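**Student:** Chains as they are written, first to last, in the working numbering: chain S, 1 to 570; chain R, 1001 to 1262.
Among the hints, a few may not be true.
To be verified - Here are the simulated SDA-like pairs of lysine to any residue, each with C-alpha atoms no more than 25 Å apart in a straight line:
(1) R:Lys-1076 with R:Glu-1030
(2) R:Lys-1076 with R:Asn-1038
(3) S:Lys-472 with S:Phe-403
(4) S:Lys-36 with S:Ala-18
(5) R:Lys-1076 with S:Ile-339
(6) R:Lys-1076 with S:Thr-446
(7) R:Lys-1076 with S:Asp-434
(8) R:Lys-1194 with R:Asp-1155
(9) R:Lys-1076 with S:Arg-331
(10) R:Lys-1076 with S:Asn-444
(11) R:Lys-1195 with R:Glu-1030
(12) R:Lys-1076 with R:Val-1060
(13) R:Lys-1076 with S:Ala-327
(14) R:Lys-1076 with S:Arg-447
(15) S:Lys-472 with S:Leu-436
(16) R:Lys-1076 with S:Leu-436
(17) R:Lys-1076 with R:Gly-1029
(18) R:Lys-1076 with R:Gly-1039
(19) S:Lys-472 with S:Ala-327
(20) R:Lys-1195 with R:Val-1130
(21) R:Lys-1076 with R:Gly-1170
(22) S:Lys-472 with S:Leu-355
(23) S:Lys-36 with S:Asp-136
(24) R:Lys-1195 with R:Ser-1239
Claimed, not checked - Partial selection, computed: residues in chain R whose CB lies under 8 Å from chain S:
(25) Leu-1024
(26) Arg-1087
(27) Ala-1113
As the list claims (entries may be wrong) - Beyond 12 Å from chain S on every Cβ pair, some chain R residues (computed):
(28) Thr-1025
(29) Arg-1132
(30) Arg-1144
(31) Ala-1166
(32) Ala-1235
I should point out that these hints are in silico values taken from the structure, not numbers from a laboratory.
Everything numeric in this text was worked out from a predicted model, so none of it was measured.
Cβ coordinates follow ideal geometry from the N, Cα and C atoms, glycine included.
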Amino acid sequence: MSRDLSPKSLLGVAGAVATAVACFLPWSLYAGFPGKMLNTGFPGGARMYVLLLALAAGAVLLLDPPGRVRGLRAASVWALVISLLTALLIGYAGGGLGNVAAGAWIAVAGSAALTASAYLLDASSDRDRRVWSLPDADWRMPAEIVITLAMAGLALYVFVVGLGIPTSNVASGPDHTFRDAISLNDVTNGSEFLAFLFGIIGLFLVAGRIGLTASLGAITQRRRPALVTGATLAAIAFPFTQDGSPYALRIAASIGVFAAAAVGLNVVVGLAGLLDLGYIAFFGVGAYFAAIYSGSTTSPIHVHLPFFLVIVLGALVAAVFGFVLGAPTLRLRGDYLAIVTLGFGEIFRISVNNLDGQSGPSLTNGPNGISNIPDLGLPGGFSFGDNHHLFGVPLPFQANYFFLEIVLVAAVMVAFLRLSDSRIGRAWVAIREDELAAAATGINTTRLKLLAFGLGATLAGAAGTVDAHVVKVAAPDSFTFIESTLLLAAVILGGMGTVPGALLGASVVYLLPEQLRFLHDLRLLVFGLVLILMMRLRPEGLVPSKRRQREFRERDDKSGALDPPPGAHA
Amino acid sequence: MTVLEATSVTKRFGGLVAVNDVSLTVSEGEVVGLIGPNGAGKTTFFNCLTGMETPTSGRVTFRGTPLRGRPDLILKAGVARTFQNIRLFPNMTAVENVIVGRHARTSAGVLSAIGRGPRYRREERESEEVARDLLAFVGLGHVRNELAKSLPYGDQRRLEIARALATEPGLLLLDEPTAGMNPNETAAAVSLVKKIQGRGIAVVLIEHDMRFVFGLCDRVAVLVQGEKLLEGTPAEVQSDERVIAAYLGKPPEDAGPKEKKK
Ligand SMILES: Nc1ncnc2c1ncn2[C@@H]1O[C@H](COP(=O)(O)OP(=O)(O)OP(=O)(O)O)[C@@H](O)[C@H]1O
Ligand SMILES: [Mg+2]
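If we strip away everything but chain S, and leave its shape as in the complex, we get (with noise of 0.2 Å):
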């Protein structure tokens, strides 16, 4: 390994330990900006993800990993972006540029530096990204295990900071209504979290260029005992770490029903790479069904079933939707079932928004939706809405609610898990990569494709009736096209066909517009201009299953000689 003392390197250096040090000085010279400008010493908000940048360049600089220059470009970048944004708004919010204080001026110039020198060196100098391993020693097996459960906490603490994070300061004010114009200082409010966002992105793609990434990914693949028990008390550690709070509890057990809805629609687009763009409807049928039988005051029909049965009642009335929708349509090839699933989305939408005794049976009450749905309880007089005391620290009663999903999310896992290494799962790939060649090697297509439908849709039912009394509602709004479009979008963007991809893009897509709430209408833009971006560097997925990988990364160069001729015949 030559070590590369160039004046271009060097001036990176340079770059890096003052942005470091800066990072460490007062950013402001008044007290109120977000993050806590302005004290000395070990920092916080925006400082903290500039320092981490700038750490990350600076060994990327010197230890000189494979990718060194392209993974100092993404470092530098989004140091600079993330400095000169802060800089900028402390100065707005202050009155002036005069109340910057002298560190963020040093951050400034020296992730300047830094960029400078990224872009001055030459990137076609950088070897080739490869998977690192641990040498073959005793330790390797209890450090590879180490790893993985210490990549489960970091994603908890990373969940935790990003979830944490205010963005507005009008905490108990009423809510934004969102016509509301963007100002600079709503920006202000949330400079936190877009630093914390570029921070993140920042350091996932500069991990990502020298192949740490992949070294991670292929130990935590290796550890699947560990991770999956690293994963589960993560998850179960959550609530413990928002000190009665509810707030995150709920949109985290949002984000689990997301994430249960999302791994099933991972079977139909990963798997059998049929395209449902209806998705949502089949989470609506299992949430009307466990809404009607909730025994709420509102459903017109007044049986109370007990939960277990309508989970399992409310999966199967989804399952028989989706056998019925895709019986027809799956005979059909490529995309009518696309334009098929996206009428049902609409049509159970406008059905259940009429199901209300005037236009037609009284079913669904209408546009109000069936509201005030009881708490569950399990038997031994366990209720799911009382709060509760755990090793001293307050669970607020959306913990219960959390933990049920954490059972949801785990069973739709392993069902995933296992369909995708078998029989099924494997002619569900044949099918999607070559249709006609499934056939005749003995594979019913069609039977195939909608077994895969309908179990998407029976998983979707399932997620539907936890949902209903997640958030203690049905109402036709919560089920409309955008829902549908969020799932494919969180699907696709975590990676398709893999659980870990399908509960990451569930959180990122749920989780991102929750937290841009401060940006009013611009951030919905923002947060597609997010997911574009993302897609744009890895269009693969954050977290691709080996083949989709390999399938994006040798597309670049040529494809095989599989590929037949367009309008080849057999």
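Once you have looked at the hints, place chain R with the ligands on chain S.
**Tutor:** Just chain R with the ligands now, kept in the frame of chain S:
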């Protein structure tokens, strides 16, 4: 005993008669060649046999029972095939491709896949063993975990054969098994077909490589413009004036492997 009996199979595409009144009988363990110029209708005939196309008229029976309908049912009855322009599952590994071939001979459903009982595990293990044996049988044991699409052309053709064999066919239809192969690979293909024959599987193969066909086949049928011109032993076909004429007057010995236009 007769394995395949195709009687007066006709396939029209609009005004074009791609296959015209073709009959063919294949007996147990026989290797039959199907030759003819480009566009003669050979592939279309295969498509009619395997359910990829529905014949306009005619009748096909396999071991006495009529073959009709879907490709997967025909495969289950025991007719497997390969494709002229290889159709593997490109992003699956070699061994996965072959295991997919076990689909029709295994039965695990959704519930047993989720439950993973002893029966399920036994079936999975058996599928893996069969796939491993078949890969070794066609000479691909060393590339088991390679992606299908990353294999060289000749290996892809052999992998497709392994996948077809995994379905336990009584009759194997090979559409130009040596297209794109070098002479070494072609020689290996000859012995592979003989080994397949040795397993008691009847083979019908379409080929442009005349040496390959005449060296290997018990019987050869010649298709020209959708019609069966004649059928006989390699010696009979080789010396027939009409066959020579059909191949543009060239003696068939010199025809050699024909480069296929795509
Ligand atoms: N699906 C189809 N629709 C219309 N015409 C078709 C179709 N399939 C094949 N044909 C036509 O039928 C005729 C026979 O084609 P086929 O592919 O069976 O020939 P072949 O004997 O296999 O030729 P080759 O040696 O080039 O593979 C050709 O004229 C072809 O264009
Ligand atoms: Mg052909």
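**Student:** Need the list of violated hint numbers for this structure, in ascending order.
**Tutor:** Violated hints (numbers, rising): 2, 5, 15, 18, 19, 23, 24, 25 and 31; every other hint is consistent with the structure.
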